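**Q** Residues per chain are reported as follows:
There are 4 protein chains.
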Amino acid sequence: MPELQVSIVGGSGYTGGELLRLLLFHPAVRIKQVTSERFAGKPVSRVHPNLRSVTRLKFCSVEELDPCDVLFLCLPHGQAMHRLPYFRQRAERIIDLSGDFRLRDPEAYPVWYGTPHPHPEWLSQFVYGIPEIHREAMRGARYISSAGCNATAVILALYPLYREGLVDPSRTVVEVKGGSSEGGNTPSEASHHPERNDAVRSYKPTRHRHIAEIEQELGLSGEHTVHLSATALGIVRGIMATAHVFLTRPLDEKAIWQVYRRYYGQEPFIRIVKERQGIYRFPEPKILIGSNYCDIGFERDPRSNRLVVISALDNLMKGAAGQAVQAMNIMLGLEETTALQFPGLHPV
Amino acid sequence: MPELQVSIVGGSGYTGGELLRLLLFHPAVRIKQVTSERFAGKPVSRVHPNLRSVTRLKFCSVEELDPCDVLFLCLPHGQAMHRLPYFRQRAERIIDLSGDFRLRDPEAYPVWYGTPHPHPEWLSQFVYGIPEIHREAMRGARYISSAGCNATAVILALYPLYREGLVDPSRTVVEVKGGSSEGGNTPSEASHHPERNDAVRSYKPTRHRHIAEIEQELGLSGEHTVHLSATALGIVRGIMATAHVFLTRPLDEKAIWQVYRRYYGQEPFIRIVKERQGIYRFPEPKILIGSNYCDIGFERDPRSNRLVVISALDNLMKGAAGQAVQAMNIMLGLEETTALQFPGLHPV
Amino acid sequence: MPELQVSIVGGSGYTGGELLRLLLFHPAVRIKQVTSERFAGKPVSRVHPNLRSVTRLKFCSVEELDPCDVLFLCLPHGQAMHRLPYFRQRAERIIDLSGDFRLRDPEAYPVWYGTPHPHPEWLSQFVYGIPEIHREAMRGARYISSAGCNATAVILALYPLYREGLVDPSRTVVEVKGGSSEGGNTPSEASHHPERNDAVRSYKPTRHRHIAEIEQELGLSGEHTVHLSATALGIVRGIMATAHVFLTRPLDEKAIWQVYRRYYGQEPFIRIVKERQGIYRFPEPKILIGSNYCDIGFERDPRSNRLVVISALDNLMKGAAGQAVQAMNIMLGLEETTALQFPGLHPV
Amino acid sequence: MPELQVSIVGGSGYTGGELLRLLLFHPAVRIKQVTSERFAGKPVSRVHPNLRSVTRLKFCSVEELDPCDVLFLCLPHGQAMHRLPYFRQRAERIIDLSGDFRLRDPEAYPVWYGTPHPHPEWLSQFVYGIPEIHREAMRGARYISSAGCNATAVILALYPLYREGLVDPSRTVVEVKGGSSEGGNTPSEASHHPERNDAVRSYKPTRHRHIAEIEQELGLSGEHTVHLSATALGIVRGIMATAHVFLTRPLDEKAIWQVYRRYYGQEPFIRIVKERQGIYRFPEPKILIGSNYCDIGFERDPRSNRLVVISALDNLMKGAAGQAVQAMNIMLGLEETTALQFPGLHPV
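Chains as they are written, first to last, in the working numbering: chain A, 1357 to 1704; chain B, 1357 to 1704; chain C, 1357 to 1704; chain D, 1357 to 1704.
If you are wondering where the hints come from, they were derived from the structure by calculation, not from laboratory data.
Honestly, I wouldn't trust all of these hints.
Because identical chains share one entry, a pair is satisfied inside a single copy or across any pair of copies.
[To be verified] Dumping the calculated DSSO-like pairs for lysine-lysine here, alpha-carbon to alpha-carbon at most 27 Å:
{"id": "1", "residue 1": "Lys1610", "residue 2": "Lys1630"}
{"id": "2", "residue 1": "Lys1610", "residue 2": "Lys1388"}
{"id": "3", "residue 1": "Lys1398", "residue 2": "Lys1610"}
{"id": "4", "residue 1": "Lys1398", "residue 2": "Lys1560"}
{"id": "5", "residue 1": "Lys1388", "residue 2": "Lys1560"}
Every value quoted in this text rests on a predicted model; they were computed, and no experiment measured them.
Input sequences plus hints: build the corresponding full structure.
**A** Given below as structure tokens:
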């Protein structure tokens, strides 16, 4: 197979660094360029110290971007939506990791991102980047918009139940708990270690913008929503979503297990985690650090029709760079798990 | 005022140690005895190293217990309910910190604690130990049953709303997140540092036994419950409860504030925390370590009738020993805040 | 006793916040003013959230500073040395918490702080602020320069041995390990949570500026030094110094214990911690959080003449604000332990 | 190349789990059996949850052990030394990860391990398992004794300097700082999360048994030693050694760099880390989690002849399982880096 050339725009952030880590060990691709305006000319290992001696790549400016086969965009929200034509000229295939092309409905941008989308006509050209839901559309696609990290955790947890019409769509409550790497690599008061260490910080009790993606992918009309709150923890990587859904039919755990098995039984990166005993009987983000798995488990409340669904993933992997590489593999017709087989560590 | 003599039964655990720390600096009481079968004869500072040079007290056996004015019982669940007559002979006033006398309904014991209560006739003699709800009954009471740590966080967060009939009682969902000291001082696989560090562990998605106390204090009949899940975090002290309630009337945040002010405005240990900006604009357990505060905040979801109420406390203080000392102060007619004024640390 | 009025200049930092926390509960003083240019006009609880409901004090500008009895200066290094005359006009007694007046030798400033001292004539007017060494000079003193946090840990660990001439002064090696609050409250890449969490960072293998204080207080001439390295850990509060000294005489542990007892046996804030068993048999900073203790322990190496001395303290307490209040108490003839009796927490 | 069959004895511990994680992705070997008496018959993913869906291997009893090509022994200290004949019958090649065959001098066993070695004649048959020092002896070797984790960090840091005779052998002081996974997977009071979290615990100020390996490999006679102390931190994985050596010649940093380059310039798993700026300018264990690197850096003290050498590694990788796989690769003539290329994560 001829080697494919990929480049990364905005490669000095945490997501860019994670993409580099994965793609440097991908047997079918070669990293051609990595851009960073701030670090142009400097080795990528200056900002990604885990890549010392692994690569001698240097950052270049986005102005120097050459044509390539696949381009990953890791820019802050609100930039790619303005500069897409420039990037389209450089690559036939683009995977964008920001929120700029995740929502199909242009009306949603002013609501959730605070400004209208400058090019609503592009939104329909992007496939929403969760392979477990849009794998077919991804094959051969030119543009993929990688999903939000919290959104991925929630959508994967709930998709089979909503798709099967098993839950009361007016009652679902979700709490997502996540680590500090979600916030990117720019220091702030919120990320200052004495303040963030051991924090249990209710940073977005309502109005988290990932709700828009979740509503879109679960097929919720304006009438219903997912009642979501987000809490920041003192960990670095990892997300756990705890979703409380209320069943419309009296299903027992075995029946629920069968639903999940039907949807995810063949999925390489979803594991149904539900054991009778042990401390890892439900999904736990810490053992997923560095891996592309999304683990999903659940428990029925015997006192009501509530079902608690728990999902966990690494926000920089299945929640960002890992899922983007998975999408690239599908897009290019490569083996889907290539470069994504790291199983996670225990203990850690 | 004549000095009162207090003793602690089961003083080698974390709650017993915290009681010691508080009572050693309480100007109106003197600690007479502290029992521990395992450490009888040894200095209390052997197991509570923060008390080195602070006290020369030694543990004694419960068999050696002398009469005293107030007796704190810090035994594991299921012990005090069998041995109450023995303790009653030793002290006129008893504050029990286990779950043995928290539930008024004897039928609830087999459901939540797995065995029938051996002396259901005693249950009505204990006042449930949340001062903000039962202060009047505590004054001069002989027996107080200190509330569960998670239960305290949830009850204090929701009491005014339920009391005022402002929420749909069928829909409330609560997630409590807590630290490892909740589990006591006995090592186990679950508490082994390599496994617990940085954990986000869904340890009780349904059927947490504190639900029974919450239902009791919020006045929920068997028809309704609080849909509660509990998650264990890699912190040592601290609980945060995130409660999602659905309002029966279209109240704005100002109106909700007024409700909380009416109930808690004069409370010495409840702070309504709701600021427009900053990283501590909602309750945060880490700045409550060592303090007796329960901080409560909230946010209205503008897209629905959901109200998110957030409460935080130190599980060993307002969730256990601190609240028990507060109860003792009330019971004895002392200034309620005595020995409980430590404000918490920042940063920490 | 008439109430004394104290003010704090630079009260928005971590040291200023800790001073506030202590002085608000000090029965003999009243806090008159707290300055912060950035937060002038705002409540101190805005930046010190643990003080919510504890005080209604607001920050003012340093320009508005009124006369007071004691003034604490918590400015960044290099400021107080230029503005001392202004502060002297405001208060008869000053306690400076920066490094500006710690070194008696003016020649040391360009070496360790990078610039000459603008007023070398003031240096001799300040008492170096470790009470265990300079208590007599502190009584009635007008100016005290509070010691550095790492310096305090190292000096207290080694002072008796050096004073008694028991160690080879050419061979001492010390490693200090400390938490992130040492770096103050300004966010930076080094303090960014994803980078600092779980860090074991060799940030100053040589040339730590606290060496100058240590040499001064241990009486080391230019010929000898303490070979010190500093490592930053992922904790927030706490310092542990591990000092390796080489004995000039074959002393056993009992003899060494006697030396420490002779020097520190009556000290209210030094505990000799050396037990035969248990996990807290040596000093441990975590149980000192919020307390003013410096715990000191040691172990003789039976294979050589090495003695390992271990000391631990809370860098914001005995390493800064706590020691400053202790100094104030001595300076004013108050009971030395006033407002400093918090014993630390366990577990935490 | 024909596939080689490897088995692991004692596979339920942390080191065994790490070996499994590595060998499952090793293209030249197949894992035949993994023994655990406690978990015989159960899936390995029961105790190593990161391996869920990665393998269906089950534990068997050591009694069921079949012949294989390479046998890894991960038993507690003191067991393999008694049972070696049994294992020798099962495999031609053995890599032992305990301390049972690390010391060439039989006299050292009673001193450091408390009992005489039952088969001193076997000691000379084992190659000490640090490839950077004993690579030639490993090629084709039958028995390898994998080095201690702290010992590896210290030996790799100091070997070039000692080998070149550049340091005063009487003065070296080393402090090793390590995480909780070093202690294995058995819960204890010392590993109980409320006690271990955020700990800075001086657990072995003198007499750490890895000193014996360090003396052996650095060629120290009984006259000289390395003055080592060990401190336990609240991290899970990772070791940092800070070594203070005193130079016998006035070498500058460039000259020292050249020495390290000469010894380690071609080493695939040693990186010399010494940058002018940035927060990762010295070795940092956290970015080595899961990787097989040992990073080494240094700084000259301009005020004396001290050189501070800093090394970092993952105790379960280069300090145990990773180094054992590296040894196996050399032993079998495979590419040395096979299955060991994971570069570590950032941030983490």
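**Q** It remains to establish, for every hint, whether it holds in the given structure.
**A** Hint check:
| no. | hint | result |
| --- | --- | --- |
| 1 | Lys1610 with Lys1630 | within (11 Å within a copy, 43 Å between copies) |
| 2 | Lys1610 with Lys1388 | neither (49 Å within a copy, 34 Å between copies) |
| 3 | Lys1398 with Lys1610 | between (55 Å within a copy, 22 Å between copies) |
| 4 | Lys1398 with Lys1560 | between (37 Å within a copy, 25 Å between copies) |
| 5 | Lys1388 with Lys1560 | neither (38 Å within a copy, 38 Å between copies) |
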